[in-house]
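Listed here are the chains, written in short residue letters.
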Amino acid sequence: MVEGKDRATLDHILTSCNGDKRALIAIMQKIQHEYRYLPRQALEYVAKKLGVSPAKIYSVATFYENFSLRPKGRYIVRVCDGTACHVRKSASILKTIREGLGLDKDKTTTDDMLFTVETVSCLGACGLSPVISINEQIFAEMTPEKALACLNKIREKEAGNYGKKREKIHL
Amino acid sequence: MNDNEMKTVKKEFMWVDGRRVELNGERNVLEVVRQAGVDLPTFCYHSELSVYGACRMCVVEDERGQILASCQTPPKDGLKVKTSTPKLQKHRKMILELLLSSHCRDCTTCPKNGKCLLQELAIRFSITGIRFNGESFKRHDLPIDNSSFSIVRNPNKCILCGDCVRMCAEVQNVGAIDFKGRGSGMMVSTAFGDPIIATDCVHCGQCAAVCPTGAITVKCDCPAVWKDLYDGDKQVIAQVAPAVRVAFGEEFGLVSGENVMGKIVAGLRMLGFDRVYDTSLGADLTVMEESAEFLERLRSKENLPLFTSCCPAWICFMEKRYPELKDLVSSCKSPMQMLGAVIKEHAKRHDVGDSKTIINVAIMPCTAKKFEAVREEFYRDGIADIDHVITTQELVKMFREAGIVFADLEPEAPDMPFGIHSGAGVIFGVTGGVSEAVIRRVAEDKSMEAILDIAYTGIRGLEGAKEAEVTVGDEKLKIAVVNGLKNIDEIIKKILAGEVHYDFIEAMACPGGCVGGGGQPFGLKPVKKSRSDGLYRADKLSQIRQSEENPLLAGLYKGVLRGRAKELLHVHY
Chain A
1 MVEGKDRATL DHILTSCNGD KRALIAIMQK IQHEYRYLPR QALEYVAKKL
51 GVSPAKIYSV ATFYENFSLR PKGRYIVRVC DGTACHVRKS ASILKTIREG
101 LGLDKDKTTT DDMLFTVETV SCLGACGLSP VISINEQIFA EMTPEKALAC
151 LNKIREKEAG NYGKKREKIH L
Chain B
1001 MNDNEMKTVK KEFMWVDGRR VELNGERNVL EVVRQAGVDL PTFCYHSELS
1051 VYGACRMCVV EDERGQILAS CQTPPKDGLK VKTSTPKLQK HRKMILELLL
1101 SSHCRDCTTC PKNGKCLLQE LAIRFSITGI RFNGESFKRH DLPIDNSSFS
1151 IVRNPNKCIL CGDCVRMCAE VQNVGAIDFK GRGSGMMVST AFGDPIIATD
1201 CVHCGQCAAV CPTGAITVKC DCPAVWKDLY DGDKQVIAQV APAVRVAFGE
1251 EFGLVSGENV MGKIVAGLRM LGFDRVYDTS LGADLTVMEE SAEFLERLRS
1301 KENLPLFTSC CPAWICFMEK RYPELKDLVS SCKSPMQMLG AVIKEHAKRH
1351 DVGDSKTIIN VAIMPCTAKK FEAVREEFYR DGIADIDHVI TTQELVKMFR
1401 EAGIVFADLE PEAPDMPFGI HSGAGVIFGV TGGVSEAVIR RVAEDKSMEA
1451 ILDIAYTGIR GLEGAKEAEV TVGDEKLKIA VVNGLKNIDE IIKKILAGEV
1501 HYDFIEAMAC PGGCVGGGGQ PFGLKPVKKS RSDGLYRADK LSQIRQSEEN
1551 PLLAGLYKGV LRGRAKELLH VHY
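In order, the protein sequence lines correspond to chains A and B.
The first sequence lines up with residues 1 to 171 when you count with the working numbering.
The second sequence lines up with residues 1001 to 1573 when you count with the working numbering.
The hints are simulated quantities; they were obtained by calculation from the structure and are not laboratory data.
Predicted, not measured: the structure shown is a model, and the values here were computed from it.
Warning: the hint list may mix true and false statements.
Unchecked claim - In silico contact screen, one side only, chain B against chain A (beta carbon under 7 Å); selected entries: (1) G1175; (2) I1177; (3) D1178; (4) F1179; (5) K1180; (6) G1181; (7) R1182; (8) T1190; (9) A1191; (10) F1192.
All residues carry an ideal CB built from backbone N, CA and C; glycine is no exception.
Please put together the full structure from these sequences, using the hints given.
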């Protein structure tokens, strides 16, 4: 059961959408924005409040690639694997990043919850290919080495201010 | 309008394979085509569910050579369709081949063997080879969900027609299962992939009833029954529910609705059952207890409306969704549990089993009864009142396995002392039956005319929700008869909102009541009407129409039940 602060957060999200079950996806997006993933208890709470079956919400959550039921890292690294990036060897970037972080296709988040690595079909920045995005920021004309350097930089910075609000990454 | 005035009625027609078919308010072209006598194949169309249009087997071709999914096309005056052209045949075969390419084709060991729609259509369309290698998409290692007492879910055999999902959500308003994922990774799943027993599932088994393949099947308890039948230290007793007798014959080529209780009794004895009793007697006990409870509540004006308690799926739904209504539900056990307790108590008292262990086997139209029987409330001193529950379909299997030629069986009567029932007891198997039986009991005018008149108060018929008004003493009582959990849910919401008032509510989870139970044989033809007609015929043929006139009851209340009715016939969930 959801209690205390989480309950207030969820109630706020629900009220902002008028508790309308047609706004389910918007509600789920807001929850994901808040927690960086969709916590099971939150979905169950929402199901009850909206009068939608938990199975239906689970169905929506698993249909869209963008929703995650597993906690994600503080930095979400998306490696673009669209056509333009693909032909300019995005695959080797992905491979290097995964190897560097000890991740694979099924294990996408590092144990320290710092990084989550995903692929994405196109970031719409084909002219800058190959690109990766870290949280909302786009990094252009990547190579495996440059990508790893980015991640290391983040890691160094995080080591210094553990627990603080994350900042923009300056490279 | 003057009666003599001439009226021109504009009739509308469609052409199916060159033959003219009159339109009579059919909802889609598929219904028109079937009306015209062509059995168009479908996986995903069920008249009581929303149109999904996923399987594309029901395609027809219009005049311009356009392919239409007939289930999704509204009928139109003058529309001309063909149901069988080279193009359509090719499409259908292709769909079947594609479905089969990724389907595990171990038909001979599948629980649905011989009943599988995919298998049937593969035969119908002469699929002799599959051109596509679906090996990489083939599902074979998805875990089988065995957690429920009532159903088994095997996602490896699912063709994603969505029938179960829509049945659970639209008719039952439970929504325990839905699609998960998409594309080739799509499957039917519970929320968060939990085992089905941990969800809101109420065990009604309607998902298994509509599943075309072996993806959801009724849990088979036959092996346990065979084991006990062959055990010399056990006395195995069968009880047969009312709805079983009017559906059982369908599986052996008899007309739906024909009462074959006599043949079932004979067959059960051939299988080795030591005694065969009739659950309708349990129903008579229920009528007695429930009526008394109802009159008492009317007198004290407390805990009204009274909800009936015969249907274990409804009880389960109530517990999960509306626990606050617990006190409104009758404290009566279901007829099966009442009779189970009475049989075991009677055997203990009279030592009829020569000190053998008594094994109670209930033959039910219902999958939720399997769950009811294992509830802890129905164990006394660590012993279950009902040891095994098998569905109509499972008993059919046992008859086949034993090589019983059903058509040749000479009907026999059930055993005493639990073999006589009233007409009121036997109509428990159809929606409205429990109410009618209770009204017969509480009515002051017991003349035959009055008894017959009850049938015309509006409580008969297969509609999802009905109302009736009866006068008892100087009070007008409002009765609601509801089947299908969605209808029940809606009525509860109205009651809680104070919009409606009832005194008595009969709640049955399955559409049509027990005749449409999840354990009954299912086919394409609508059989609920003929089955319910069969039960009302059985009522008419009974010399005894009211439960209180059942001569066995007096003996029971003086004997086994003396001072123990509360303990043996009532339950607190």
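Hints, verified against the model:
{"no.": "1", "hint": "G1175", "in the structure": "holds, 3 Å"}
{"no.": "2", "hint": "I1177", "in the structure": "holds, 6 Å"}
{"no.": "3", "hint": "D1178", "in the structure": "holds, 4 Å"}
{"no.": "4", "hint": "F1179", "in the structure": "holds, 5 Å"}
{"no.": "5", "hint": "K1180", "in the structure": "holds, 5 Å"}
{"no.": "6", "hint": "G1181", "in the structure": "holds, 5 Å"}
{"no.": "7", "hint": "R1182", "in the structure": "holds, 5 Å"}
{"no.": "8", "hint": "T1190", "in the structure": "holds, 6 Å"}
{"no.": "9", "hint": "A1191", "in the structure": "holds, 4 Å"}
{"no.": "10", "hint": "F1192", "in the structure": "holds, 6 Å"}
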